[in-house]
Amino acid sequence: MKPETLTLPADLREPAIFEGVVTPGGIDDQVLVYPETKPPLKWFVAITFTILLMLMGFGFIGYTVMKGIGAWGNNNPVFWAFDIINFVFWVGIGHAGTLISAILFIFRKKWRNAIARFAEAMTIFAVMCAGIFPLIHVGRPWLAFWLFPYPNQRALWSNFKSPLLWDVFAVSTYFSVSAMFWFLGLVPDIASMRDREKNKWKKLAYTILSLGWRGAARHWQHYEKAYLLLAGLATGLVLSVHSVVSFDFATSQVPGWHMTIFPPYFVAGAIFAGFSMVVIVMIVVRETMNLQNLVTVRHLEVMNKVILGMSCLMGYAYCMEGFTAWYSQNNYLIHTFKNIIGGYYGWAGWTTITCNILIPQLLWFRKCRTSYFWMILVATAVTIGMWFERFVIIVISLHQDYLPSSWEIYKPTIVDFGILLGSFGLFFTLVLLFARTLPVVATTEVKAILPGAQPHHGAHHE
Amino acid sequence: MTHTTSSQPAALLGALVLGALGVGAAYAFVPAERFWANWILWLLFLVTLSLGALFIVALEHLVSARWSVPVRRVPERIATLLLVAVPTALVGLMALPVLYPGTRPEALQNKLLAGKATWLGVPFFSARVVIGLALGLLGLWILVKGSLRQDETQDPAQNRRARTFAPVFMAIFGFTITQTGWDWVKGLTPEWFSDIFGVYVFAGAFLAALAATVLTVLSLRDEGRLEGVKCDHLYNLGGFLFGFTVFWSYIGFAQYMLMWYANMPEEVYWYRWRVEGGWGAVTLLLALVHFVIPFFALVTRDAKQDPARLRWVAKLMLAAHVLDLYWMVFPSVPSLRHGPVFSWPELSFLLCFGSLVLLWVRRAQGVGRDMPVGDAFLKEGLEFRL
Amino acid sequence: MSDRAYAVLGLFDTPDALMAAIPKVRDRALGKVEAYTPYPIHGIEKALGLRESPLGGMVMVMGVLGAATAMFFQYWMSAVDYPIVHGGKVPFSWQAFVPIMFEVTVLFATFTAGLGMLLLLNKLPFFGHPVLNAKAITGITRDRFALAIEAPEGTLDIAAAFQALEAAGAVDLEVLPATETSPQFTSRGVMGFLTAVVGACGVAAFLTYWAIKLFHVLPPMADMQKQPRLNAQAASRFFKDGTGMRTPVKGTVSRGHLGLGVATQDEAAGLPNPLPRTEATLLKGKQTYTNHCAVCHGASGNGTPTLTAAYGAKPANLLARQFKDYKDGQIYFVVAKGKNSMPAYGADLDEQQRWAVVHYVRALQRAQDAKDSDLK
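Chains as they are written, first to last, in my numbering: chain W, 44 to 505; chain L, 1265 to 1650; chain X, 99 to 474.
FYI, nobody ran anything at the bench for these hints, they're computed from the structure.
It is possible that part of the hints are untrue.
[Stated by the list, open to error] Derived DSS-like pairs: lysine-lysine, alpha-carbon spacing no greater than 30 angstroms straight-line: (1) W:Lys381 x L:Lys1380; (2) W:Lys152 x L:Lys1494; (3) W:Lys245 x X:Lys221; (4) X:Lys221 x W:Lys241; (5) W:Lys246 x X:Lys233; (6) W:Lys246 x X:Lys221; (7) X:Lys144 x L:Lys1643; (8) W:Lys243 x X:Lys221.
Using the sequences and the hints, build the whole thing.
Listed below in structure tokens is the structure:
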């Protein structure tokens, strides 16, 4: 009964990472054609639309800066609303890219190589969108530099005990690390583009950006070590950044905010929302750029399984929150939770539960995991549901907390909506720009895992 | 569990007998609170270790992991500890009126407990314990018994069954491990609550089970019994040990920091008991042995696959898990709150249950084949390279 | 382009071919052997005899440094330089400092890994390497694998190198000429620039901090605080004797206390009462009398106040014949200088008050044997 004699039944075998015959040169030709050629009309139409959306958003931001936060619906006690909801939403979306890029690398999941590049790009763009909100939601954004500890004539230092300052450090670190990780991954790919490019100016640009990379084995050695270390460090960030964001709420005493489960709950939610956004972008990229052989149904299926898993974790967290509210026998906490499923904003609570827990259960079915229609339906529902989850946490807890005389209903204004839509415009503008200027697939990484890419005697030790 | 010598089982048996006598003496002579606190501590150790091991097995099926198939039999065997955990837990139900304020009639007078007195009361408490453990046994049957059966039948249906059952088990595990933490640990202080507690207990359980797995794998390897398990496999195990040390520390710190920060009188006292006086030293020790030392010991790549390093770190982690449970349980008991106690009762329990676990796990190494030879994925697992 | 050969390069089509060739070429010991590949090849470091990368250790050290730096600076800023209690938390709240400490650790470690790898270990950017101009480079970054025998000092035996590579299975061999001009934009330049920027920031921060600290103690900024003015009950450098408090010039009188001008009560008899006998004067006199005199002389002036029993001394009965015969000035003198047991009230009451009291006392005296006609 030797293990070698056992054959794997077909249904248990895993599908190949790539479909069809893929060669290293073929990957270059397939992927690099996009940065090298002029985009088609539909790209210009799309980016015009996203740029207009983005400009509208900037317009509303400008209006806010001139008029003040009164242009928004924020009131007393709901002093945080769309601003922080959008901030947490975008930071959350960024986490998927880092997970795919870093954590899956640590787990040696080779299938991640084809999607890591644009997932990581999405992280950077999402963090950029996120960073706008803390900046504009302070009453005097032109004084935002006061957040940083620099020697000043007031002899003051920043308040390091505040979670808001932890956010500043966490999100800036996250942005820097993601950008560094992303750029390092790009260097060998840009070197490929440099060597293919005929146009003098583009070649110069690629030469500079690729830093003179020449593929030397000595360089690869240090490069791989750096990549592994960065992946490990970025993994730590995935956990810590959204936990620090959750501390904004959990360190307070607001009922419904001061729940110890917030750190892992927010991280799970971030991965959940982020993966959904990645699935949506992945489908668009796959279809419009004919990358079906590199970004396969297997990739999509695994992503959907992760989404399903995260949905179950979110379900656990919701159950724990609800149960804890009852168990606490704390009237304020119980009231807050009753407001989530009833009350003025009860519809938001039910939207959240439906979109985050109920609809993703469709992904138990293989058909839904592999069909564009169902995948996009679920991913869109999750995106909406996760936005509403932050709405529920922030607005419902704030609008009716301890003192009934302070209770007040919150109503967003058109400026709030305009800025939210504008942020989507910014995000997709950056994605579209990225898709036509840089390789959306990490060609070097994919080449390294093709069958026959590595020498046959693998170095192993007993 | 480093080398097999014929004297070792005898020594363990001797320790078990001595410990059991001590436990009996403790029952007779030591105040009930202290006796039962010790019992709860070790029942938690058994439950968390066995459920954690079962979780490892289910996780492997859930994600269709290949590299771990050669070592999967080890956590499957460790999971059989559940058969010891169940009677221990049932006996532990006798501790309810002694240690659990929610089960006493005075709870109805307490404003904070009256509303949930039914939930906290003996019938519901016991029902939850029984259901949780029963579901755990179900998991044991399907995952472990099924895997052992597959050794003979080589039927791939077991793989399908395990893969389908894995997500169900995750739901079961979510319930049982949360219930274990909330009822057995938090029930000692029913006015206090923390919704991350289930995750905290999970982290400790998973880590302890990983450590036990690593120790057993190394031990079997030393005996030449796990041929084909290479340093690549050890690296992955070491990586998990490292990663989840960080995860446990993150959860533990998050819970502490949030309660410290908000400083709400209705919840911060749980930590004040553990941070002031003698218990403060235990907290520092816990941070040291559960986080600092394992973190720095396993941070480098080489360390993660070095058998000698893995061995002592895994042993330290198991000890740290016991310390963690001690830290969770004892300060919540009013008569034990003033400072950490460690005397002959604690030592007896340690000898008794410690050797029981060691003996049982040792014996379990004879159950089934050393690798799941009936599993068609074994070949791929043995070929695994980093 | 110079005639000097930097290296000889040979291309291979598969990684196996490359790996097989490496030991053969290394054995010939013709120069430094380097491989150029489109992606990292497993096991090639060992085959080429490369030392392990020190990056891990560097990152660990910098990570720990990051943690220590973050904790120290937060401690110093919050508990030493400007100790402050926020939200009831003690100045050094290490629990609150952990998140930032963690993030800064990751930041330091990341930049060490990324920049250390690029600038320090790989010495990139570097645009002057001969292979970048080779024909083979397009294949290297695409799908072919190259092995080069390099001799930077220019002592390469080209023929032998060609032969060695061909024997090992290489195709498409070429000679890489050494580059003449040294490139401008190199890793050293970048490192120098970054060091300069970081150093400048550090120096600027340090100087700014100290400048601000010293700012308000240096002239002329300190002039606002260090004014040569006289502060009450404080020393002063302005006067020779060092005190800010000065004694008045000899002959200074305070307002309302010009001096009686007479030495004895008899002399005072000649002093006229300068105040008119108006209601306002009498009211003032009443107020002053009530506050200062009634305690001993009684509310009606008869010398039987509530105090006498405990007091011992016998105040004068102002309604007596003797005092009715007093001139205004004599009453005034007694008020100012005192008489027998009565202390002097000259310091307490100014001239106006004393004369007003005199009027009031006269009114009290008159009230003793008032006629109906007085009430008009």
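Hints numbered earlier in the text: which of these fail when held up against the supplied structure? none
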